[in-house]
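Participant: Sequence:
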Amino acid sequence: MTVGKYSLALLLLLSGCDKPEPAVRDNAELAQYLQRITGDLVFIPGGTFWMGDFCSRTHGEGARCSSEKDTKPLHEVTLSSYSIGRFKVTHEDYAFYLKMAGLPELRYKDQYDNKTLADMNHFKNSPAVVSWREADSYCRWLKKETGLAFSLPTEAQWEYAARDRGQYILVATDDGDWREDEKTGRGENYGTSEDRQATEEATGVDSSFVRYAVDRYPPTPGGLYGMSENGYEWVSDWYDPDYYAKSPRQDPQGPEKGVILDDDNGQYMKVRRGGDNPSPGFDVGLTFFRGYAIKDKPYPDGTTVRCAVNAAEAVK
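FYI, in the UniProt record's numbering the residues of the sequence shown are 1 to 316.
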């Protein structure tokens, strides 16, 4: 979908938005922006890995770390090399894109939803909260402006990167585990419910909507931040709970069309990865966890975006 058509799609979701003034493009500012975005890409050499709930290979035959059927069967996947964003896209960077593309600021029909979005954007450099269509359009805009093959990552690309090139890593943190202070419950490498409650008491932001800066906690050994927490992340694939049983081995792209329909609004589900407010002992936030949601929700649901570049060599 082109940026021009996308502005029409926004009108289906947003209400009361005045027509935006034509963006005055500062080419020098745009060049600096694009240089920073491309400079924050992490090159992921291609390879082969076992995708899905891998605990039968680490804990013995029959073992599983998730009760969810859609994380199975474990299947072998081979990926070509690519790059992926070091961080989730921040709300400041997303706002700059809207300005440069001549698109309106994000607004919702319900004022409660606008307050929710404001809470999610309260902290500097916190992730942009977007629909799948908005996420896809942002990555396509980067492709247009840079000439590089930007896109949303595929589900397989996302998992391979989160697992540091397909290693048997359960959680995409600095040490592959959730780590917190035993006395206070405050997170050392992820945001806990205690962290969010303390933040609410200090700032007034509802703990359910707290989104921290994208670099608040340590990165994975591969240099990626926030892959398991601080907001789900959109990927390009349509959601099919049975896709793993029929996935091609080489560079799987997901189903060709939508499979699971939400009868309430007539939209098909897209996959989202990572986690929002994860806790040890639950599936959310595991590197192979598969979430899903409709493409265009009329309210902010906390899903974020990081883009990939499909190129055999590192971006320079």
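Be aware that one or more of the hints could be misleading.
Claimed, not checked - Under the rule of at most 20 Å between Cα atoms (straight-line distance), these lysine to any residue pairs were calculated in the SDA-like manner:
no. : residue 1 : residue 2
1   : K124      : S207
2   : K316      : A31
3   : K72       : T58
4   : K72       : R216
5   : K246      : K124
6   : K143      : K316
7   : K295      : K183
8   : K316      : K109
9   : K295      : S151
10  : K143      : V315
11  : K69       : R196
12  : K124      : A95
13  : K69       : T58
14  : K143      : N310
15  : K297      : A95
16  : K124      : S236
17  : K144      : G102
18  : K257      : N277
19  : K124      : A213
20  : K257      : R216
21  : K143      : A312
22  : K295      : R196
23  : K124      : D93
24  : K109      : Y292
25  : K143      : A31
26  : K183      : Y168
27  : K316      : E145
28  : K143      : D93
29  : K69       : W50
30  : K143      : R86
What the hints assert, rightly or not - The calculated label-pair distances, taken between Cβ atoms and stated as ranges, are:
no. : residue 1 : residue 2 : range
31  : G147      : E182      : 28 to 38 Å
32  : L30       : E256      : 30 to 40 Å
33  : E61       : D242      : 35 to 45 Å
34  : K109      : T184      : 17 to 27 Å
35  : Q32       : K143      : 15 to 25 Å
36  : E61       : K143      : 23 to 33 Å
Since the hints were derived computationally from the structure, they do not count as laboratory data. Backbone N, C-alpha and C define an ideal beta-carbon position, used for all residues, glycine too.
Participant: Now look at each hint and say whether the structure bears it out.
Facilitator: Tested hints:
1. K124 x S207: holds, 16 Å
2. K316 x A31: holds, 14 Å
3. K72 x T58: holds, 15 Å
4. K72 x R216: violated, 32 Å
5. K246 x K124: violated, 42 Å
6. K143 x K316: Judged against 20 Å, a Cα distance of about 15 Å means the pair holds.
7. K295 x K183: With Cα atoms ~41 Å apart, K295 and K183 exceed 20 Å; violated.
8. K316 x K109: violated, 42 Å
9. K295 x S151: Judged against 20 Å, a Cα distance of about 16 Å means the pair holds.
10. K143 x V315: Holds - the C-alpha atoms of V315 and K143 are around 13 Å apart, at most 20 Å.
11. K69 x R196: Since the Cα atoms of K69 and R196 sit roughly 31 Å apart, the hinted pair is violated (cutoff 20 Å).
12. K124 x A95: Holds, at roughly 13 Å.
13. K69 x T58: Measuring from Cα to Cα gives roughly 18 Å; hence the hint holds.
14. K143 x N310: holds, 10 Å
15. K297 x A95: holds, 19 Å
16. K124 x S236: The given pair, whose Cα atoms are some 27 Å apart, is violated under the 20 Å limit.
17. K144 x G102: Satisfied, since the Cα-Cα distance of roughly 15 Å is no more than 20 Å.
18. K257 x N277: Violated, at roughly 30 Å.
19. K124 x A213: Given pair K124, A213 holds - Cα atoms ~6 Å apart, limit 20 Å.
20. K257 x R216: violated, 37 Å
21. K143 x A312: holds, 16 Å
22. K295 x R196: violated, 27 Å
23. K124 x D93: holds, 11 Å
24. K109 x Y292: violated, 24 Å
25. K143 x A31: At roughly 14 Å apart (the allowed maximum being 20 Å), A31 and K143 satisfy the hint.
26. K183 x Y168: Not satisfied, since the Cα-Cα distance of roughly 29 Å exceeds 20 Å.
27. K316 x E145: At roughly 16 Å apart (the allowed maximum being 20 Å), E145 and K316 satisfy the hint.
28. K143 x D93: holds, 15 Å
29. K69 x W50: holds, 16 Å
30. K143 x R86: Measuring from Cα to Cα gives roughly 17 Å; hence the hint holds.
31. G147 x E182: 28 to 38 Å: violated, 50 Å
32. L30 x E256: 30 to 40 Å: With a Cβ separation near 35 Å, L30 and E256 satisfy 30 to 40 Å, so the hint holds.
33. E61 x D242: 35 to 45 Å: Check failed, 22 Å falls outside 35 to 45 Å.
34. K109 x T184: 17 to 27 Å: violated, 40 Å
35. Q32 x K143: 15 to 25 Å: Holds - the Cβ-Cβ distance for Q32 and K143, about 19 Å, lies within 15 to 25 Å.
36. E61 x K143: 23 to 33 Å: violated, 44 Å
Hint compliance for this structure: hints 4, 5, 7, 8, 11, 16, 18, 20, 22, 24, 26, 31, 33, 34, 36 are not met, and every other hint is.
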